[in-house]
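From first to last, the protein sequence lines stand for chains D and Z. Last residue of the first sequence? That's 213 in the working numbering, and every number before it is there in order. Last residue of the second sequence? That's 213 in the working numbering, and every number before it is there in order.
Quick caveat, the hints were computed from the structure, so don't treat them as lab data. Since the model is a prediction, treat every value here as computed from it, not as a measurement. Backbone N, C-alpha and C fix where the C-beta goes; we use that ideal spot for every residue, glycine too. It is possible that some hints are incorrect.
[Stated by the list, open to error] Computed beta-carbon distance windows for the label pairs:
(1) 135(D) x 25(Z): 38 to 46 Å
(2) 63(Z) x 60(D): 28 to 36 Å
(3) 200(D) x 198(Z): 18 to 26 Å
(4) 22(Z) x 73(D): 49 to 57 Å
[As the list claims (entries may be wrong)] Computed footprint of chain D on chain Z; a stretch qualifies when at least three of its residues, placed anywhere within it, have a C-beta under 8 Å from a C-beta of chain D:
(5) 100-108
(6) 165-174
There are 2 protein chains.
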Amino acid sequence: MRRRFLLLAHRVPVAGNFTLNDLAGGAGRMDELARCVSTALTVSNGLRRDTEVTVLFVAEPPPKARRIRMEGARVRYLNPDERSTAALLKNALVRSVSQEHDVESSPGLVVGPVDPAAELQRFLSEPGALWLSEGGTALREHVGDPGGFAAVLSDPLDPIPAEEELLRRSSIPRISVGPLSLRSSQVIDLLHNEFDLREARAGAPERSAAPAP
Amino acid sequence: MRRRFLLLAHRVPVAGNFTLNDLAGGAGRMDELARCVSTALTVSNGLRRDTEVTVLFVAEPPPKARRIRMEGARVRYLNPDERSTAALLKNALVRSVSQEHDVESSPGLVVGPVDPAAELQRFLSEPGALWLSEGGTALREHVGDPGGFAAVLSDPLDPIPAEEELLRRSSIPRISVGPLSLRSSQVIDLLHNEFDLREARAGAPERSAAPAP
């Protein structure tokens with residue numbers, strides 16, 4: 001994968017026991033998380049085949065934490081709206097409750113138990129790793145890896161202290177997209193666009209955006 | 001207003017007779033429209049007070065067309081999620097069905113009948129007017145008006161022929177954000193960020209982002 005996102009979700013009920021009619025409330029800001037997933041993986045009428053999104057649901061103690069991984073090249077049933085995206089994630093969480101191993105709950109979407117700290121640590125050593133956070137180096141001035149990125153975002157709350165410490169102790173660059181405090185989904189749009197423009201300038205072959213399945 | 005958006009909505013039922021549970025289907029892509037409104041007017045935990053969004057609902061013949069205008073400085077009850085944003089717009093459309101004049105259906109949100117062509121024509125003469133469309137001049141190379149912009153987007157379909165003709169015959173610049181065909185909400189994020197960065201470089205006073213009401 002050339003573009004990877006790791007989203008830290010701190011309030012979504014890990015067992016998927018929330019209603020789709022109150023995503024911004026009882027679902028622990030699943031609305032913003034669904035927007036993040038959606039805008040990371042889709043363009044107009046298509047999917048970003050080179051993008052992978054991992055979500056760590058760390059609202060509960062580690063034994064209950066879950067990881068969802070979605071691959072743009074394989075994912076199906078991902079519609080652009082918040083509600084259906086949230087439904088896809090909710091169904092995965094519900095399916096995973098009684099599972100001790102990863103399961104592919106829908107094509108291109110794998111869910112399973114996770115040690116969030118170990119997973120974050122592993123992600124920080126990926127090529128092109130960066131931490132999107134206010135007060136960092138300006139994105140447009142960040143040289144980065146021309147091959148892509150592995151970007152950590154915390155949504156919608158700040159990282160918890162243990163995550164913050166891992167992030168600070170790693171040597172990955174802290175990157176900021178602009179002077180305002182933006183929503184995570186907005187930050188994702190800006191990071192993708194910066195790399196779209198860099199690839200176009202570098203004369204990369206036409207980016208692969210597949211029609212939505 | 002320093003930043004203005006005009007969104008052309010072609011399929012949303014103008015009388016507001018749609019369910020909030022199927023925004024991407026029967027509601028004529030109200031999901032994308034709600035995302036556009038939301039991402040145009042909000043940042044993390046706040047509103048863009050300098051931004052105004054106008055939506056032209058032109059799915060029906062002109063006598064039924066409706067305009068909704070929302071001011072970032074005055075709007076209330078605008079939550080970040082798609083469903084509640086769509087509910088705010090739907091309630092406005094429903095309230096307006098039997099009205100022959102503008103009404104403020106909620107604080108900072110005015111709805112009323114409109115002649116879409118005349119409204120679009122008027123908007124095209126605003127300072128900083130531009131048309132966000134594929135194949136235009138690169139946004140980052142567009143000199144523009146330092147005072148802001150008045151941006152036309154069509155969502156999610158292309159402009160209808162009459163609108164397209166008005167846009168082409170006007171002398172406003174056609175601006176493109178990057179090499180890929182993006183969703184309208186993504187385009188809005190990129191335009192805002194470009195002007196956020198320009199204002200920061202110009203040493204403008206701290207941008208006004210008010211806490212959400």
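Hints versus structure:
Residue 135(D) and residue 25(Z) have their C-beta atoms about 41 Å apart, which keeps the hinted 38 to 46 Å range intact. Between residue 63(Z) and residue 60(D) the CB atoms are about 55 Å apart, so this pair departs from the stated range of 28 to 36 Å. The beta-carbon spacing between residue 200(D) and residue 198(Z), approximately 21 Å, falls within the hinted interval of 18 to 26 Å. Distance hint for residue 22(Z) and residue 73(D): a CB-CB separation of about 28 Å, inconsistent with the stated range 49 to 57 Å.
Check result for the segment 100-108 of chain Z against chain D: violated, 0 residues qualifying (beta carbon to beta carbon below 8 Å, three or more required). With 0 residues carrying a beta carbon less than 8 Å from a beta carbon of chain D, the segment 165-174 of chain Z misses the three-residue requirement, and the given coverage is violated.
The structure fails hints 2, 4, 5 and 6 (numbered hints given earlier, in ascending order).
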